Structures are given as structure tokens and as C-alpha cells.
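Below, each chain spelled out in residue letters.
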Amino acid sequence: MRNYILKRVFLIFITASIIIFLVFVFIKMLPNYHAAVLGVDPEIRKILEEIEGYNKPILEQFGIWVKNIFTTGSLGRSLNRARDVTAILADRIPISLRLNIVPYLLSIPIGIGLGIWAALKKNKLTDHLISIGVVIFISVPTFVVATLLQYFVVYQLKWLDTPFVLANIDFAENIARGLASYAMPVIVMTIGSVAGLTRLTRAELTEVLTSEFMLLSRTKGLNKKQATVRHALRNALVPIAPSLLGGFVSILSGSLIIERIFRVEGVGGIYIEAFNNRDYPLIMGYLMFYTVIGLFAGLIVDISYGIIDPRIRVGAGKR
Amino acid sequence: MNNINVDKSKFVFTQDKGVIYDEQLKTKAVGYYQDAWSRFKKNKASLIAFIILIIIILMSVVGPHLRNYDLTSNSESRKWTDRLKEMPPRISGLEWFGFSGHKTLEGFPARFSILLTDPNAEGIIIGDFSQPNAAGMVKVKVDYYKYVDYINSYESVFSLSIKEYNLIKAYENENPGDKIIITDAPEVNGTYKVQIHFFKFLEVVYGHSNQDFWFGSTIAGDDLFTLMWDGLSVSLIIAFMVAAINIIVGIIVGSISGYYGGTLDLVIERISEILSGLPFMAILTLLLLRYGNTTWIVIIAFTLTGWLGISALTRAQFYRYKNREYVLAARTLGASDIRIMAKHIFPSTVGTLITSLVLYIPGVITSESTFAYLGIINYSNAQSFGALLSDGQSRMMSAFHLVIFPSLVISFMILAFNLFGNGLRDAFNPSLRGVEE
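Going line by line, the protein sequences match chains A and B. Just so we're aligned, residue -6 is where the first sequence starts under the working numbering, counting upward by one. Just so we're aligned, residue 249 is where the second sequence starts under the working numbering, counting upward by one.
Hints are computed from structural coordinates only; laboratory data are not their basis. Be aware that one or more of the hints could be misleading.
Straight-line alpha carbon distances no greater than 30 angstroms define the calculated DSSO-like cross-link-like pairs of lysine-lysine that follow [said to hold, decoys possible]:
1. B:K289 with A:K114
2. A:K115 with B:K427
3. B:K290 with A:K114
4. A:K117 with B:K289
5. A:K151 with B:K333
6. B:K290 with A:K117
7. B:K427 with B:K327
8. A:K151 with B:K387
9. B:K290 with A:K115
10. B:K292 with A:K115
11. A:K117 with B:K292
12. B:K292 with A:K114
13. B:K389 with A:K151
Quick caveat, the model's predicted, so the values are computed rather than measured.
Based on the provided sequences and hints, a complete structural model is requested.
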């Protein structure tokens, strides 16, 4: 197992390095990169050239960039915010995390619960209702759900006075109002992940429920409930648990769409801003962060698969 | 045992002469696809979804041509569209269904009392005034089309170019009694400052025959109906192109690496592993930053890593079938590799591939519209659904139609694609029926 994990970590490291290098070179080669990044102020220009080596070849710049990450923790200087990208990301991650953690925690019991319920009542009315709900919520795009929710809650029913999440200053001023403003994004995100989780749980459980060992466990004297809880559920959760762990890592990178709709100052929000302002160092920093998080989430999923179910070792060879 | 006495004569041979042969089946032979189709037909939800899909796809082709709205295409008429912004939806015959062209306006009572006294403004105000709010404003329901015509005809003075003025004069000479100009004025520096019947003027000079905006008009005074189907056709073209390219590349790469295996497979696997680590968002934004916002760049971004999934699927299917007996038999008979791949293995995998293709298209549409909503994808020639919705969102308090129509259409379309895909999967692979819903 240890060797397997080490091998996976090493492979992820290689993949991440290649991807980050490719992105770095591609960004550096954008036509108006230098003019945009260096700006007109000769003093800043000089400092930047010194720290980040803008006058050197791209390969060397990549070396300097990587070296800076390890020596000073710097990912480069953002143009628009005139701050270090690392500092900006560090500011934003807690905000994204705070917004994402509640839907994540809420969706697990609800999603798995609904999935189990649907699987146990397969082809009955309950199952059909849940399945219809799942198909609808998987199909309707997040921005549609969020926009309609905003319209009805804020403009029609007037339950809330703003369609956006309050910024930190307003939040401190009126905590109750601030918390209430989190309700809509939390609902939208919860609905989205519940639908996916319900579908997965229902699919896995219905498959397990028809397998032979269920018959065996009934034969040896367990009643239906015991057999389901002790045997079926345990086996059905094997493929679900790793994806939950991976999902936890992914919430770090925030949600572009939710943060845009509800004007949350999170990691995803900063990326849209960086893209619109052509803030190349910030784009680079975010893409690197996003890539690493994505790969890391994949790694966690694969490794936990191996731990939870030793039969599955992704890429572990033929042994 | 009871002894039952039965009269022997009651026993009769059913078949005492002749031999029974196997009878020829009277049913028709049912092929793989016929079988799938007959199973698909039984799934009512999928069948309805299929019909809805066909309607939506047809609309994306004919929709933009149903309205001859070209005020915005012409730079001279463009300046008038501003006065037609955020018109509520109106379809004659469907007034009862919310397409009445009515709108609730808010303002000071004095503003509306003019409308009540002026005989030219007859029929504009429909509902009663509400109670004044803290600022003294009231709400009133108006026939917005009449309202717009009224304020532009009687409360505004336009600067007409000589060309526009002459066109009106020519029309008035041809149709005496049908006046467009309310108060005339002489030419000053190439313009006429006159009062005109606004809708009549648009009709005569620009051919905008006072038509209704079926789905209302946008902030810029565009016809939302036309714009929506235009945007939809762009989305659909992208989705189908992406799906076609991905499936072709994916099948070719997947079948080669699955069929030959070995080193080739190993190399392809490593390459796809690195490619699959590249976030789609990174690819899309980098390509857009480098090559600009065009449909082709978006298609390339979607296809750069999009084929990986289909390739992996095809590879797995080829691994599954390549050592079957019938493949061995074909090889023994001297069939070439290409023939075995195309004629023997591929048909066994086609059901899975069709299903994954149909379920892949809504995914492309969703992420295309999501990135358009975020403003990252932004075509110059058309507005994608996401962009329409994003524009409408800022004005949804006063013009909800800008949000609801695009929302409904895109949601129904993706829902229909998903239901259709699920139905196809059940039809092609009955053993999986309902497993993944």
C-alpha cells in the first residue's frame, strides 16, 4: 500500500509539473504579456525584472518562478491589486471554504438518505418522485436555479432585501442579515450536490441489493433491514466514500458560478475578475492552484479507493 | 388413490396421422436497432423528450426567421431601438396567457393623471392606482405598447434626417388622410425637428410593421425571440460539432489503443493521463486569451481534452470484445485488423457509444452557457443563452421576461437531452434499466 501511494504521489507530481509548465509558457507567450505586466512605472519595472526575471528567457523565468514559490512563497505580483498572488489567494480561500462547507456537509446525509430511500422503494411512487427530482435538478443549470431563486425570494416574496451575499463589513454590522444572505447560495449548492449524490447512491445500492450475497445473508437468518444495513449499504458506500473525500478537497477552489451570481469575494470570484482585467500573474496563480487542487482531489479518491476496497488499485499493475 | 372411472371412448388422439414439424415463425425478424427502437418507444418520458428536442432544434433553425425584425441590423435605424427597450412580451391571441404587453409602472400620480386627461392617451391606463408609498409614488398597470407609442409621439420631438423626412412625406402624399407627422417644422442644418406617430413612422420608414415582441425586447431594444433562437443555434452547432469531433477522435484513438494494446496503449494512456489533468477552464481561458473569442476557438477548447472520455470508453469496450470467439474466427478467416475493428468489434460497442454521445451533448451546452454567463465566452456575432441570461439578470426586477424565457428554454432542452439519453441507454442496454437515474 505504501509503495502504491508513493507511486501515485510521484506521478501526480510529474503530471502537475508538466501542466503548470505548459500553462506558464503559454501565458508568457501571450502577445501583449510583457507590456501588460511590466506597466509604465520604471521603478516597478526594475523591481519586477529583478525579482521575477522578466528580461530572461522563458525557461529561466519558470525556474525563477518556481524558486520564488519555495523561497518566498510568492506566486508573482498581481497587476490590478498590486499585491502578491499568494496573499490574494490566501485571503480568498477562507471565504470560499466558508461558503462551500455548509452545502457540502448538508448534502451528504440528504443525498445518501434520499438515494437509499429511492433504492429501497424501487419502482414505487417514492422512487419515481425522487428520480424525477434528480433528473430535473441535474439538468437545470446552476445559474438558472440561482437566478430564479433570487427573483422570487428577493423581488416577489421580499424575504430578503438583497440578492447578494453581504460583504464582510456589512456582515459584521448586522449578523442576522448577513447569515440570511448566505441562505440562497447554500440552498442552490446543496440542491446541486444532493441530486448527484442521490443518483449515485441509488444506482450503487440497487445494484448491490440484487447481488447474490444479499440472498445469502437473508438465508442465514438476517431480516431485510439487517441485511440492508450490514451488507448492502456497506458495499454500496465503497464507491461513494472516496468521491466524498475528493469533493472535500475540491471545495477549496470555490465555485465560479455561485461566487459570480451571489457576488462572493471568493477564489472563483477573483478568477473572473482576473480574466476580465487580463491580470496574467493572477490567472497563472489561480490556474496553478486549481490544477493542483483538482489533481490532489483525484489522488485522494484513488488512494481511498485502495484503502476502502483493496480489490481496486488504480494503475497498480496486474498483481 | 381414488379410482376414477372415465369412459375410454372419451379419449381422442389429437394427432394420429402425420408428423409434427417445427413450424416456421410467423413473426418478423427483429434486428438490434429495431429492438432498441421498440423498447425506446415504450418509454413515454423519453419519447416526449425526443419530440421536445426535435421542436427545439427546429426552432433554432426557423426561429430567427419567424420575425422580420431588422431595426438593429441597420446603423441608421439602430438609434430608434433604444426607445423600444424592455417591451413586455405580447402575442395577439395569447393575451390571457401573460403575453398581453401590459406592464406595471411606478411614478408620481401627476405623471399618470396627464395620461388620464389627454384624449390621445386613451386606453393606456388599465389598472387602478395603488396606494402611494412613502415617497409618494404610485403603481399603475398600463398597456405598455400604447404607452411607448404615446410618449414617443406626443411627448417627444425627433430629429429626422432629410432621407427619413422625405420618406414620410412621400408616404403621406400617397395616402392622404393617413398622417404621420403631428407637428411639422422646417429643415435646420440637415435635420427636421418634428413630432411624429412613432410606431407608424417605424413601420413606414423602416418596415417595422408595429409587430409585437413575442418574448419582449431586450435592454438594447432587440427582439428577444429572434436573439434567443440565434443564440440557441450557435450553442447547438457548437455542441454537435464538439460531440462529432470528440466521438470521431475518441473512437479512432480508443479503438487503436484498445485493439493493439501493448506499448502503443501504454504511451497513449500516459498522454491522456497528462491531458486529463489539464483543467478545461485553463484550456478555455488560455485559448481565448491567445486567439480571441470565436466559435472555432471554443470548439477547439472543448475538443482538446473532450475526446479522452470517449476514447477511454471505446478502449474498454475493445478490450472486452477483442478476444471473443467470433473475433478469433474472423481472424482465422484472414480478415484484416481494420475489418475486424470496424465490422466485428465496433458494432458491439455502438450502443454504449451512442448513449454516451447523447448524454455528452447537454454537458457541452451546459458548460458553454455557463462560461458565457460568466462572460468568459463572448461571441461577437451572437449572444449565447448564458450571456442573454446574464444581461437579463441585472434588469429582472423590471423586465422578468428577459430571464424567464431563456431559462425555460435552456432548462427544457437539457432536461429533454438527458431524458432522451436515459431512454436510449435503457433501450440499448436493458440490463442497466433505471440503474443510473
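Hint check results:
{"no.": "1", "hint": "B:K289 with A:K114", "in the structure": "25 angstroms, holds"}
{"no.": "2", "hint": "A:K115 with B:K427", "in the structure": "71 angstroms, violated"}
{"no.": "3", "hint": "B:K290 with A:K114", "in the structure": "22 angstroms, holds"}
{"no.": "4", "hint": "A:K117 with B:K289", "in the structure": "22 angstroms, holds"}
{"no.": "5", "hint": "A:K151 with B:K333", "in the structure": "26 angstroms, holds"}
{"no.": "6", "hint": "B:K290 with A:K117", "in the structure": "18 angstroms, holds"}
{"no.": "7", "hint": "B:K427 with B:K327", "in the structure": "23 angstroms, holds"}
{"no.": "8", "hint": "A:K151 with B:K387", "in the structure": "17 angstroms, holds"}
{"no.": "9", "hint": "B:K290 with A:K115", "in the structure": "19 angstroms, holds"}
{"no.": "10", "hint": "B:K292 with A:K115", "in the structure": "19 angstroms, holds"}
{"no.": "11", "hint": "A:K117 with B:K292", "in the structure": "17 angstroms, holds"}
{"no.": "12", "hint": "B:K292 with A:K114", "in the structure": "21 angstroms, holds"}
{"no.": "13", "hint": "B:K389 with A:K151", "in the structure": "20 angstroms, holds"}
In terms of the numbered hints stated before, the structure departs from hint 2 and from no other.
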